[in-house]
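Starting from the given sequences, assemble the full structure and let the hints guide the process.
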Amino acid sequence: MTLTSLATVAAEGEEQLRELPIPPVAFGLLALAGFGLLLLVTFAFRSVSTRH
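Under the numbering used here, the letters of the sequence shown match residues 67 to 118, in that order.
For the record, the hints were derived by calculation from the structure and aren't laboratory data.
Careful, some of the hints might be misleading.
[Unchecked claim] Cβ-Cβ distance ranges computed for the label pairs, FRET-style:
hint, residue 1, residue 2, range
1, V114, T74, 53 to 61 Å
2, L86, T108, 25 to 33 Å
3, P89, A110, 30 to 38 Å
Predicted, not measured: the structure shown is a model, and the values here were computed from it.
Where is the CB? At the ideal position from N, CA and C, for every residue including glycine.
Pasting the structure below:
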């Protein structure tokens, strides 16, 4: 066997599948909630320099 065929067989040999802990849509919703929280923090501190 050539080196490329050995590499192909080795790559196809063992492939373990892992289930995601939450549905893929939930990852997007968590990211959206995180960015929303960062937006609220940004708005809370946007005029601090004018107050001092």
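Right, here's what the structure says about each hint:
1. V114 with T74: 53 to 61 Å: Holds, since V114 and T74 (Cβ atoms, about 59 Å apart) stay within the stated range.
2. L86 with T108: 25 to 33 Å: Holds, since L86 and T108 (Cβ atoms, about 30 Å apart) stay within the stated range.
3. P89 with A110: 30 to 38 Å: About 32 Å separates the Cβ atoms of P89 and A110, which means 30 to 38 Å holds.
This entry satisfies every hint, going by the numbered hints stated previously.
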